[in-house]
Structures are given as structure tokens and as C-alpha cells.
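Enquirer: Chains as they are written, first to last, in our numbering: chain A, 1 to 96; chain B, 1 to 458.
None of these hints come from the bench; they were simulated from the model. Keep in mind that a hint or two might mislead.
Below, a list of computed lysine-lysine pairs in the DSSO-like style, where the Cα atoms sit at most 30 Å apart [what the hints assert, rightly or not]: (1) A:23 <-> B:255; (2) B:146 <-> B:80; (3) B:78 <-> B:255; (4) B:23 <-> B:78; (5) B:78 <-> B:146; (6) B:80 <-> B:23; (7) B:255 <-> B:146; (8) B:23 <-> A:23; (9) B:80 <-> A:23.
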Amino acid sequence: MTLLIALTLFVLAVFLGMELISKVPATLHTPLMSGSNAISGITLIGALVSAGTDHTMLTTTLGFVAVTLATINVVGGFLVTNRMLSMFAGRKKNRS
Amino acid sequence: MSRLDVIDLGYLVAAILFIVGLKGLGRPRTAPRGNLLGASGMLLAVLVTLLNQSILSYWVLALALVIGTVIGALLALKVKMTSMPELVALFNGFGGGASVLVAAASFVEAVDLGLEDTQLSIAAAVTAFIGAVTLTGSMIAFGKLKGSLEWSGFPGLSLVRAASLLVAVPLAVLLVMQPENQGWLWALVAAGFILGVLGTVPIGGADMPVVIALLNALSGVAASTTGFVLDNPLLIIAGSLVGASGLVLTQVMCKAMNRSLLEVLFTAAPTGSSSGDDDYGDGVTATSGEEVAMLLEIAERVVIVPGYGMAVAQAQHAVRDLMVRLEASGVEVVFGIHPVAGRMPGHMNVLLAEAEIDYELLFDMDQINPTFARTDVTIVIGANDVVNPAARTDPDSPIAGMPILDVDDSRTVVVIKRSLSPGFAGISNPLFVADNALLYFADAREAVLEIVTALNEG
Chain A
1 MTLLIALTLF
11 VLAVFLGMEL
21 ISKVPATLHT
31 PLMSGSNAIS
41 GITLIGALVS
51 AGTDHTMLTT
61 TLGFVAVTLA
71 TINVVGGFLV
81 TNRMLSMFAG
91 RKKNRS
Chain B
1 MSRLDVIDLG
11 YLVAAILFIV
21 GLKGLGRPRT
31 APRGNLLGAS
41 GMLLAVLVTL
51 LNQSILSYWV
61 LALALVIGTV
71 IGALLALKVK
81 MTSMPELVAL
91 FNGFGGGASV
101 LVAAASFVEA
111 VDLGLEDTQL
121 SIAAAVTAFI
131 GAVTLTGSMI
141 AFGKLKGSLE
151 WSGFPGLSLV
161 RAASLLVAVP
171 LAVLLVMQPE
181 NQGWLWALVA
191 AGFILGVLGT
201 VPIGGADMPV
211 VIALLNALSG
221 VAASTTGFVL
231 DNPLLIIAGS
241 LVGASGLVLT
251 QVMCKAMNRS
261 LLEVLFTAAP
271 TGSSSGDDDY
281 GDGVTATSGE
291 EVAMLLEIAE
301 RVVIVPGYGM
311 AVAQAQHAVR
321 DLMVRLEASG
331 VEVVFGIHPV
341 AGRMPGHMNV
351 LLAEAEIDYE
361 LLFDMDQINP
371 TFARTDVTIV
381 IGANDVVNPA
391 ARTDPDSPIA
401 GMPILDVDDS
411 RTVVVIKRSL
421 SPGFAGISNP
431 LFVADNALLY
441 FADAREAVLE
451 IVTALNEG
């Protein structure tokens with residue numbers, strides 16, 4: 001991937017992110033934050049490669065810690081978002 | 001199709017799932033599905049990554065994945081809803097920390113193999129710095145939200161903070177020029193750590209939602225720049241999406257406080273010098289649970305305005321009891337929520353949702369303000385600055401121009417508060433001495449339960 005293509009992806013994704021989020025109601029601000037936070041744990045896939053490559057002790061150790069931290073971020077983030085959102089949804093069912 | 005094609009295709013599908021998922025998170029009806037789509041995208045991305053042929057030792061990965069999953073799941077399932085802001089800050093910090101480590105590991109490896117180029121070095125430098133800021137900034141925010149950290153800085157803090165920001169530029173240049181010297185990389189990480197700590201330490205109270213949203217954005221940016229290090233389009237796309245959405249949220253929070261982001265970050269919050277009781281003299285009318293109950297019995301429309309005090313007192317379930325009791329006697333009950341009420345964007349909404357209060361009863365500032373004039377009783381529970389009419393009337397007030405909830409337009413305002421102590425802005429609140437305001441001095445939870453008891457007895 002050339003630098004220009006990488007920058008293109010970056011800029012387009014920034015615009016897309018701003019469009020997607022522009023009119024979110026306040027009720028969803030917290031779940032949105034924790035859910036998008038979990039998505040930013042995508043670093044995990046880079047961490048997996050760093051940890052698994054067996055290059056040197058240093059890179060493996062850095063990678064190992066990175067996989068652990070990113071996994072906490074990803075698993076915890078999606079789960080807690082789901083927990084919050086099910087509180088919103090559960091009530092709907094009770095009412096009807 | 002080669003193995004690499006499968007991986008790239010998997011990443012493309014994952015990117016689509018993230019985009020659709022993020023879009024779904026923006027509407028109440030589609031949010032649970034959006035979150036699920038995001039999670040599926042992540043799972044897919046991890047699975048295809050494991051096909052990567054440069055991965056040799058799977059047991060290392062398995063171990064780290066298991067440890068991370070167990071810790072993450074335990075934290076997510078055990079946390080109380082009132083502690084949600086801390087947990088979001090903590091996860092955010094872990095994401096930033098992971099980005100630092102990945103950038104460092106990949107950079108070191110590339111240098112060892114003689115594969116580094118300017119693009120990789122610059123990207124590694126930026127990631128190391130931003131990721132480090134995110135990590136320590138989030139940890140400080142975590143401590144502050146938990147209430148275990150009260151340190152708010154030292155004289156000359158802003159100088160050290162500026163220095164740690166400025167020193168990053170020459171360090172990054174040195175790293176690009178001498179990539180074989182790992183010291184520059186770790187120096188950059190250290191500068192980021194210092195900036196993260198010193199950037200967050202002076203910030204407190206009502207500015208917290210802005211900082212949490214900003215740190216959220218930074219964790220996205222760090223993931224995105226990690227994508228430049230690894231030449232990985234999925235990281236760039238997912239990271240930028242999160243960075244952009246975090247920035248939008250940060251802007252929303254700043255607007256709600258009438259402060260710019262730079263003001264929040266680099267100037268202490270404006271504060272007055274109210275000492276509490278002395279400012280009000282005899283103008284305050286105190287009330288009791290029974291009196292409030294009598295007011296509520298003849299009310300047709302009641303608005304409840306929650307603030308951080310409701311979270312501290314864990315009063316959300318009591319508030320629900322009150323709502324149910326009032327609705328049973330035909331009173332219309334709705335909630336008015338200021339965007340920066342609490343310590344995190346949407347904090348109040350989550351607490352009320354936990355107490356099973358329908359989100360359709362929760363109204364934003366713009367929606368609720370025109371309705372106060374036809375409201376019989378407004379009950380303010382543990383909020384102060386966000387209902388302070390001085391923001392509207394006194395151009396010299398530290399909070400002048402901040403949009404507030406116009407609770408004083410309603411026929412009667414009941415303010416539940418433990419004492420007359422000022423809010424975060426440190427200024428007196430003319431609402432408390434208004435003719436139509438009654439002060440109920442009590443813990444939020446006890447006060448609300450008291451009112452419910454009085455209603456049931458009456």
C-alpha cells in the first residue's frame with residue numbers, strides 16, 4: 001500500500017465517521033463510546049502478528065502484552081456495550 | 001485464491017461490518033444489532049489474521065487471548081452501572097497502550113530486519129506518542145472518576161506539560177534520522193506518558209465528559225496510525241472511524257458547556273468564589289418530603305432533572321419508584337437531561353435505563369426547555385450548574401452563555417441537594433432563592449424515597 005493510498009483511506013474514513021455519528025441522541029452517547037472504543041481495539045490484529053512472529057524475545061513480549069490489553073479492550077468493550085443496550089431493549093418488551 | 005487474498009477479503013468484510021455497526025449504534029432501535037455487527041467484524045478480523053503465515057507460536061497468542069478475554073469479560077459483567085465512566089476510561093487506556101506496544105514491536109522488528117523507511121518511522125513515532133498519551137491520560141481519568149485520585153497538579157504544571165508536547169517533535173525527527181537507536185522511541189513514549197498525566201490531572205468535574213470523549217477519539221487515532229506502521233488498511237479505516245466519531249462527541253460536549261476544546265484542555269475551568277450558605281441569606285425556602293408530596297398530588301406534569309448527585313447517591317431506582325407512583329395517579333412524568341450532566345456523555349441516560357425507565361421519557365435540553373413553562377413541578381436531583389439561571393442572566397458569571405435547563409420557568413422547582421455548597425463552577429445559584437424554588441436538604445436517594453412514602457401515606 002502506498003502512502004497516498006493509506007492517506008486516502010484515512011481521510012475518507014474520517015469523513016465517514018463524522019457522517020455516521022453526527023445525529024446520535026444523547027441516550028446513546030455512552031454505549032456509542034464504549035462500542036466504538038471496542039472497535040478501536042482493532043489494534044489486536046496487529047498485536048497478534050507481533051506476538052506470534054517469534055522475532056526476538058523483546059518483540060514477542062511486547063506483542064504478548066499488547067494482545068492481552070487489546071483483548072481486554074475488545075471483549076470487555078463489546079460485552080459492556082451489549083449489557084447497557086440490553087437494558088434499553090429489555091424495557092421495551094416489558095411494556096408491550 | 002491465495003491465503004493473502006483470504007486475509008485481505010476478510011479485512012474488507014470486517015471494515016464493512018464496523019461501518020454498518022457504527023451506523024447502527026446511532027439509533028436506539030438498531031443499536032444492539034450494531035454492536036453485534038461490530039463484534040462480528042472483530043471476530044472475523046482476528047480469525048483471518050491467524051491465517052498469517054508469519055505467525056509461528058500460536059500458544060503465545062492463545063494464552064494472551066484467554067487472559068484478555070477472562071479479564072475483559074469479568075470487568076464488563078461485574079461492573080455496576082454507576083461505575084461505567086471508570087470502566088470506559090480503563091478500556092480506552094488499554095486500547096491506547098496496545099497501540100504503543102504494537103507500534104514499538106513492529107518498529108523494532110523492521111529495524112532489525114533492515115526494512116524500516118521514513119513512512120514507517122514517522123508512523124511509529126506518532127503512534128508511540130499518541131498511544132502513550134491515551135494510556136496514561138485514561139488511567140488518570142480512571143482514578144479521578146473512581147474518586148481515588150484527588151491530585152490536581154502542581155505549580156508550573158502547564159510549563160512541564162507544554163515541554164512534554166514540544167519535545168515530541170525533535171524526538172520524532174531524531175527517531176526518523178536514527179531509527180537504529182531505540183532510545184528515541186522510548187523517549188517519545190515517556191514524553192507521551194508525561195503529557196497524558198499532566199493533560200488530565202488538572203481536569204475535573206463537569207469537564208470530565210469532554211476529556212473522556214477526547215481520549216476515546218485519541219485511542220481511535222492511535223489505532224489508525226498503527227495501521228500506517230503495519231501497512232494495514234483495516235486498522236487505518238477502523239481507527240479513523242472511531243477517531244472521527246470521538247471528535248464529533250467531544251464537540252457536542254464542548255458545545256453543551258459553551259467552552260472550546262482548547263479552553264477545556266489548557267485553561268482551568270472558570271470558577272467563582274462562592275462559599276455556600278453565606279451567599280443566600282434568608283432567601284432560601286426549605287421544604288420536606290411531605291410538602292413536596294402535597295405539591296405532586298395536585299400536579300399534572302412533572303419534570304425530573306437528574307445530575308451527578310443522583311449517580312453518587314445511587315438514587316436511580318428510587319427515582320423510578322417515584323415515577324411509577326406518580327404515573328399511577330395520572331401525573332405525566334418526563335426527564336430533562338443536560339448533555340454534560342454526570343461525568344461521561346450519556347451518563348444519566350445509562351443510569352435511568354438501568355432503573356428500567358423508558359428512554360422515550362428522557363428528553364434533551366432543546367426538547368425539554370420549551371415545556372418547562374407548562375410544567376407544574378420540576379424536581380432537580382443533585383444537579384447545580386446545569387440549572388443555574390446566572391448562565392442566562394449574568395454576563396460576568398463564569399458560566400455565562402452556557403446553555404442550561406430552564407427549570408425556573410416551571411411553576412415550582414424542588415431542588416434536592418445535600419447542602420447549599422456550590423457546584424463544580426464554584427458559583428452561587430440564584431435559582432435557590434427564586435420565589436418558586438424550594439430546597440430539600442437531603443441525600444438524593446433518601447429524599448426521593450421520603451417523597452414516595454409521603455405520597456403513599458397521603
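Enquirer: Would the hint linking residue 78 of chain B and residue 255 of chain B be met if the CA-CA limit is 30 Å?
Expert: violated (34 Å)
Enquirer: Keeping to a limit of 30 Å between CA atoms, is the pair of residue 80 of chain B and residue 23 of chain A held or broken?
Expert: holds (28 Å)
Enquirer: Take a quick look at whether residue 23 of chain B and residue 78 of chain B sit within 30 Å of each other, Cα to Cα.
Expert: holds (28 Å)
Enquirer: Within 30 Å, alpha carbon to alpha carbon, are residue 146 of chain B and residue 80 of chain B?
Expert: Status holds; Cα separation ~12 Å.
Enquirer: Checking one constraint from the list: CA of residue 23 of chain A to CA of residue 255 of chain B, max 30 Å. Satisfied?
Expert: Since the Cα atoms of residue 23 of chain A and residue 255 of chain B sit roughly 14 Å apart, the hinted pair holds (cutoff 30 Å).
Enquirer: Compare the distance between the alpha carbons of residue 80 of chain B and residue 23 of chain B with 30 Å, and conclude whether the hinted pair is satisfied.
Expert: Satisfied, since the Cα-Cα distance of roughly 27 Å is no more than 30 Å.
Enquirer: Would the hint linking residue 23 of chain B and residue 23 of chain A be met if the CA-CA limit is 30 Å?
Expert: Distance ~10 Å between residue 23 of chain B and residue 23 of chain A Cα, so the pair holds.
Enquirer: Is it true that the CA of residue 78 of chain B sits at most 30 Å from the CA of residue 146 of chain B?
Expert: Status holds; Cα separation ~15 Å.
Enquirer: CA of residue 255 of chain B to CA of residue 146 of chain B, is that 30 Å or under?
Expert: With Cα atoms ~26 Å apart, residue 255 of chain B and residue 146 of chain B stay inside 30 Å; holds.
Checked against the numbered hints given earlier, the structure breaks only hint 3 and satisfies all the rest.
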